[in-house]
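Can you make the complete structure from the sequences, with help from the hints?
Single-letter residue listing:
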Amino acid sequence: MNFKRFKLNHYINYILVLALLIPFAIIGLTGSIKGSTSLLLTQMAYSMILAVSLNLVVGFLGELSLGHAGFMCVGAYLGGFVANYMHTVIDSPLLVLILSMIVGGLLAAVFGLLIGLPTLRLKGDYLAIVTLAFGEIVRTVFMNQEFLGGAMGLSTKTYGRKLYIIALVMVLFTVFVAQNLMRSKHGRAIQAIRDNEIAARAMGVNITYYKLIVFVIAAFFAGIAGVIYAHNTSPVDYGFFSFNYSIEILVMVVLGGMGNITGSLIAAAVLTFINFELTTSLSGDLAALKFLIYALILIVMVMWNNAPALRRVRERFNLGRLFAFIRTKLSKKASEDDSTKLGTVAWDKVPTKIPMDAILSTDFKPDHSFEADKPEKGDQK
Amino acid sequence: MNTLINGLCLGGIYALIALGYTMVYGIAKMLNFAHGDIIMVGAYAIFVTLSMIGSPIATVVAILVAVVICTALGLLTERVAYRPLRGASPLAVLITAIGVSYLLQSIAQLIFGSQSKPVSMQIKIAGVDSLTFGNVSISISSIVTLALCIIIMVGLTLFINKTKAGCAMLAVSEDRAAAQLMGINVNAIITLTFAIGSALAAFASTFYLMQIPSVTPTLGSMPGIKAFTAAVIGGIGSIPGAMIGGILLGVIEKFALSIPFLAPYTTAIEFAILIIILLFRPTGLLGKKRREKV
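If you read the protein sequences in the order shown, they are chains L and U. So in my numbering the end of the first sequence lands on 485, straight run, no missing numbers. So in my numbering the end of the second sequence lands on 297, straight run, no missing numbers.
Read the hints as simulated data drawn from the structure, not as lab findings. Careful, some of the hints might be misleading.
Sample of chain U residues lacking proximity to chain L, with all beta carbon distances greater than 12 Å (derived) [stated by the list, open to error]:
1) 149
2) 151
3) 166
4) 186
With a cut-off of at most 25 Å between alpha-carbon atoms, the simulated DMTMM-like pairs for lysine to aspartate or glutamate come out as follows [unchecked claim]:
5) 266/L / 341/L
6) 394/L / 341/L
7) 227/L / 167/L
8) 227/L / 178/U
9) 261/L / 341/L
10) 165/U / 177/U
11) 32/U / 301/L
12) 394/L / 381/L
13) 261/L / 250/L
14) 167/U / 177/U
15) 32/U / 229/L
16) 227/L / 177/U
17) 32/U / 299/L
18) 266/L / 381/L
19) 32/U / 167/L
The C-beta atom is built at its ideal place from N, Cα and C for all residues, glycine as well.
Written out as structure tokens, the structure reads:
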């Protein structure tokens with residue numbers, strides 16, 4: 105293997121998931137994991153799959169989808185139904201799980217195709233409301249099917265404490281597909297559509313085809329997440345797949361960073377963890393506190409990341425600067441390179457920042473500190 | 004006939020809420036997902052006022068209180084949550100709005116608990132609560148709802164088309180930068196829009212309570228989504244569109260509910276109609292077509 109071409113950020117996602125998977129798999133296989141921990145891990149796993157797959161649509165394709173829970177609902181109900189049937193035929197629970205995942209994912213993908221084919225010519229907010237509508241339609245229709253358990257929900261056979269291992273392996277698979285798709289020629293076409301649809305079309309990108317592909321792939325993985333959910337929770341409750349859950353997935357994607365798979369993974373894990381801890385520690389009417397805290401975290405995080413007025417504060421305290429600072433402390437060479445960013449530098453290190461004649465006409469004292477240009481607070485587009 | 008009247012009533016309510024969505028969307032270019040929860044707050048305001056005052060004028064006082072509280076709340080959320088994000092990406096604003104929505108719901112649940120509270124808002128004239136024509140009986144509250152909805156909508160249309168502030172709103176929704184260059188205070192107009200939208204939500208909550216006399220912390224979410232659907236059906240950003248869409252959706256919902264075979268699928272039918280309409284008119288019934296430019 106050629107280590108020179110090994111790039112950390114190509115593998116960081118796998119490393120993250122494996123860092124979660126391997127220790128807990130060892131603990132789990134030796135049989136000493138707590139029930140609540142395995143529940144949490146499973147929830148994290150399907151949230152991660154959902155967030156990564158929604159990120160394909162929202163972050164890479166640039167279309168807002170508010171119906172992701174709808175595809176998950178398809179996967180959960182139909183995958184769970186198929187699994188129930190297969191349990192009577194096949195002995196091995198692992199095989200049933202994998203087969204039902206494939207079936208649930210494919211059925212969700214078919215739904216994705218059905219909904220995507222007519223609606224993908226809509227744009228922006230209109231597409232968003234149609235996907236929202238789709239999610240609600242699916243939920244209402246499944247709720248009223250007697251063979252799927254009706255209003256009671258579909259009761260499924262749950263897999264005890266080892267489900268999360270399979271679930272985390274599925275996360276690896278999702279990341280693998282998403283990452284490689286986006287790094288391929290097709291991925292570049294998809295991102296071109298996001299950046300400028302008309303320009304992409306002029307370059308010969310088949311817009312409808314790629315939109316449909318992304319939609320179907322995202323639906324497929326949402327379906328798989330649904331099947332995992334169905335094997336984790338019984339009965340499968342249609343109330344869970346409401347519009348709020350779609351929003352929750354969207355929140356993970358946005359907080360993680362649109363078009364950033366690593367971000368989606370981390371945000372999904374962190375938000376699920378917060379949710380889980382708050383749910384277990386608060387009960388009764390105090391459960392409202394959970395939403396209160398959740399809402400506050402949301403608002404504060406979004407404001408911190410996006411408010412134009414906070415731009416200066418953000419630049420001062422962001423992680424990139426922290427890393428740069430650490431690097432300067434660690435190595436002297438790095439300190440010379442990075443010092444331009446820190447704003448304390450000998451003037452002769454920064455000539456590219458200023459036009460040459462400006463330097464010639466300015467008297468620089470040896471310890472003159474140079475302030476890099478920063479965008480003003482008041483400037484607007 | 005009765006179904007039609009009920010449908011029109013519900014449609015009027017949806018139209019009022021949809022107006023709030025569509026105005027805010029048209030002017031601030033954001034989807035205000037917390038709008039449904041402002042209705043919920045209005046309903047709780049009415050509940051509290053009614054439980055404190057027992058006189059015949061209580062209903063009127065309650066409505067006024069609800070309007071004041073909702074307007075104040077609308078302004079507050081706009082100032083605290085949305086204004087700092089002006090100029091940020093639309094998705095960030097959307098998520099903040101969702102956060103505000105969760106926040107309002109959870110505060111209501113903390114204060115009032117998650118059980119539903121009964122509110123009796125039946126309006127009686129001369130001791131009667133419904134009028135009967137032949138075999139059709141119409142409740143007074145339906146009549147009041149319909150009449151007030153029509154008055155409010157006519158008033159709003161007049162306000163927007165005839166007054167200076169209304170014209171300024173139209174101008175801002177057309178082109179914000181150009182409006183600013185013409186000397187319109189865009190921030191003030193956005194504030195005004197939020198105030199009007201929230202006041203309409205307060206009226207909507209009053210009428211909603213006349214139809215369904217109980218309050219829960221999640222009261223606003225479903226009418227909110229339905230009204231949003233109505234706004235999109237009519238063409239989001241268009242004020243007459245929101246009215247038509249709202250009434251259409253209300254009538255369809257009541258008719259679907261009255262047929263036993265279709266009743267469980269009511270929500271699905273409404274959303275299916277949305278999808279079908281958008282397939283044939285991608286910007287809604289009265290939406291403007293935008294030319295695409297690079």
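Hint-by-hint comparison with the structure:
no.: 1; hint: 149; in the structure: holds, 27 Å
no.: 2; hint: 151; in the structure: holds, 28 Å
no.: 3; hint: 166; in the structure: holds, 28 Å
no.: 4; hint: 186; in the structure: holds, 17 Å
no.: 5; hint: 266/L / 341/L; in the structure: holds, 22 Å
no.: 6; hint: 394/L / 341/L; in the structure: holds, 21 Å
no.: 7; hint: 227/L / 167/L; in the structure: holds, 7 Å
no.: 8; hint: 227/L / 178/U; in the structure: holds, 20 Å
no.: 9; hint: 261/L / 341/L; in the structure: holds, 14 Å
no.: 10; hint: 165/U / 177/U; in the structure: holds, 17 Å
no.: 11; hint: 32/U / 301/L; in the structure: holds, 21 Å
no.: 12; hint: 394/L / 381/L; in the structure: holds, 9 Å
no.: 13; hint: 261/L / 250/L; in the structure: holds, 18 Å
no.: 14; hint: 167/U / 177/U; in the structure: holds, 15 Å
no.: 15; hint: 32/U / 229/L; in the structure: holds, 11 Å
no.: 16; hint: 227/L / 177/U; in the structure: holds, 19 Å
no.: 17; hint: 32/U / 299/L; in the structure: holds, 20 Å
no.: 18; hint: 266/L / 381/L; in the structure: holds, 21 Å
no.: 19; hint: 32/U / 167/L; in the structure: holds, 17 Å
Hint compliance for this structure: no hint is broken.
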